[in-house]
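Chemist: Starting from the given sequences, assemble the full structure and let the hints guide the process.
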Amino acid sequence: MASSPSARDKKPSVGRRNFLKGTVGGAAALVAASHPAPAQQQEAARSATAAVIPQEHDPSPSVEVLTADHPGSDFMVDVLKAIGFDYIFANPGSSFRGLHESIVNYGGNHSPEFITCCHEESSVAMAHGYSKIEGKPVCVLAHGTVGLQHASMAVYNAYVDRAPVFMVIGNTVDAATRRPGVEWAHSVQDAGVLVRDFTKWDDMPVSLQHFAESAVRAYKMAMTPPTMPVLLVADGDLQETPMRPGEQPHIPKITLASPPQGDSAAVAEAARLLVAAENPVIVADRCARTPAGLKLLVELAETLQAPVINQYGRMNFPSAHRLNQTERSRTLISSADVILGLEVWDFWGTVNNFRDQLHRTSRPIVKPTVKLISISSTDLNTKSNYQDFQRFSDLDLSMAADSEATLPALIEACKRLLTGDRKNAFDARARKLAEAQQEARERMLAEASYAWDASPISTARMAAEIWAQVKDKDWSLVSNNAWAQRLWTFDKHYQYIGGSGGAGVGYGAPAALGAAVANKKYGRLSINIQNDGDLMYAPGVLWTSAHHSIPLLSVMHNNRAYHQEVMHLQRMANRHQRGITTAEIGTTIKNPNIDYAAMARSMGVHGEGPITDPNDLAPALKRALEAVSRGEPALVDVVTQPR
Amino acid sequence: MRGLIFTILTSWALFAQTPTSAPPGNAQNGRKLFENYGCYQCHGREAQGGLGTGPRLGPKPIAFAAVQRYVRQPTGQMPPYTAKVVSDKDLADIYAFLQSVKQPPAVKQIPLLSNSPQ
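Those sequence lines, one after another, are chains A and B.
Take the first sequence: its position 12, counted from the start at 1, is 12 in our numbering, and no numbers get skipped.
Take the second sequence: its position 110, counted from the start at 1, is 753 in our numbering, and no numbers get skipped.
Just so you know, not all the hints are guaranteed correct.
What the hints assert, rightly or not - Here are some chain B residues pointing at chain A (derived, C-beta under 8 Å): (1) A665; (2) Y683; (3) T725; (4) Q742; (5) L756.
Stated by the list, open to error - With a Cα cut of at most 27 Å, we get these calculated BS3-like pairs of lysine-lysine: (6) K136(A) with K295(A); (7) K471(A) with K675(B); (8) K751(B) with K432(A); (9) K675(B) with K590(A); (10) K622(A) with K751(B); (11) K473(A) with K751(B); (12) K492(A) with K520(A).
Claimed, not checked - So, partial list: chain A residues that the calculated Cβ filter (under 10 Å) puts toward chain B: (13) S207; (14) A448; (15) S449; (16) D453; (17) K492; (18) A598; (19) R601; (20) S602; (21) G604.
Everything labelled a hint here was simulated from the structure, so no lab data went into it.
A virtual CB, placed ideally from N, CA and C, is assigned to each residue, including glycine.
Modeler: Set out below in structure tokens:
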């Protein structure tokens, strides 16, 4: 990412009040003086509001103005502060050197504070994780070319997960002012095109006023459901050109849009169907954007005494609530007469069975008479190229709206339809559901007991051991783990952050760290159950966690493989009746085994392991938690069963 | 993926239920084959099952005939293991391994599970 000084570094950088401050001397000045840049060329590179060098104030050959007090990047920092960013997540890059300098000096490196990342994919994935906890974006800086290319996978994850990420990328659009060499390789005509298929909006401001308005617009758009990544280009000349004396571009007021609520007639019809149903089921995926969403879903479920299936796109519903029937998903879906899907990413996959055999087949798993209701903000913004929108589902009622925003009206509409008879029926249903839930829980605990003492350690045992150490603390699971979802008691919105969205490997470690950054100010214990293959994409996040003293307990789910791919290869080998013992070629991470604890220690993180005996796990976790309690990151490497 | 998980679990949900007579097999070799043939990938190295991938197979596996039938001609998501790649003799050894898997302690004897709040 580094770039070397070149001729452009030596060009006059002049404001009216500063041009006499320059020092004279050296070859640099002579070179600059003997090849003055034409004023019209500089003007083309600058905005209408940016300073230009008036002809009458051109420096004489012997006096070169080399300093300036207020570059455009200072104003950009004013804008970032006005929006309210707490952090900048970035790997340094010369195309935004002006903005970087303004952040750390003019802005005092506070609100936003610069967090040093070791890879742009980490920067964006950290921002993704941060947004899951804090409900708002941080700002990510990156090169407009090489940085954005690194970042693009993480941008796609955030897009598919409908997570708000705010990116500012550096670029120098004026070819006449670029430094020879690397800056040309780091410049692009249309920077945003690289990720335009999976961002909500992008812009390339050509003036500071334009930057301010577009930054506020971008933030508003990112935060309006469906929330998504947005991108602004910070032109290099706009960053580095001094502002004119007295120039004060206007920063617009930041007023977020109200999230879109379902049409009142559709809400009334949904309520009618739900109240009349004998076996309604609520399926929640990316429903609870905020803590309020969780409470509202509880209210709806209790109003209807209807079971809730949590598909874990967000922390939607308390795990121990008697109406949480996630363990009984298939049974409930099959017997439902009405299914309400709340921000369900894959409704078709929820109500159909698909077989991945030589001839791919599918069949519905629902009753033919079932009524399917969807409330989804995804219907408001679907793009064509990337196919994350899933197979089209036969719906009976579809609201293009934000589920969380629609829940209050739906709850009230349901309450208005309640009668004594329906309440009695609901109470009877509630008793059956509570009994069924208890039975399902007992089955689940029995499942967890198998391979309890095995080595490699079972994933159920690992989750149970972690839970024993953290359950009495104010914890937040900043990763995905199926056994933790089953064994732990989740009742707060910040206790779970959902998944990656696009299933692009490499999301887990940085997203966990970003969420931990958000949790830090609340004093929460962040816990990351970390897949080994994921960490190896960009392990530099360990260094970032140590450098910035981010308390985070990472427990390796180290099955020494890209295990999903092991199974896919096995499937192909079986299908072709050959190579039945070769599925680990190209899919495993062994020979040599990676010493993750040593890797963590090398980057300043407390490291334990590898742990292969389940009886060694609790002491190692306690030692790691002691480090975390001191405000440090810690990692425990656990060698595990595959899943 | 969620749909896939449901399918796998339900297709095999009753697999580990009833011990029954089976052809003689070598449990020790069966354990090796369980690894080599990749059974462990979805069902775990102790046949305990994997979340979203495959159900528990042992202890107390279902009848050998049912296992054999499903392995050769699975009706769910499991890829087929034909006799060309896993012989009947190897399958018998694998079955012997599944029969040899020890029953875990009862949940009430595992404090981390029995004391788990809910």
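Chemist: Going through the earlier hints one by one, which of them does the structure break, listed in rising order?
Modeler: The structure breaks hints 1, 4, 7, 13, 17, 18, 19, 20 and 21; every other hint is satisfied.
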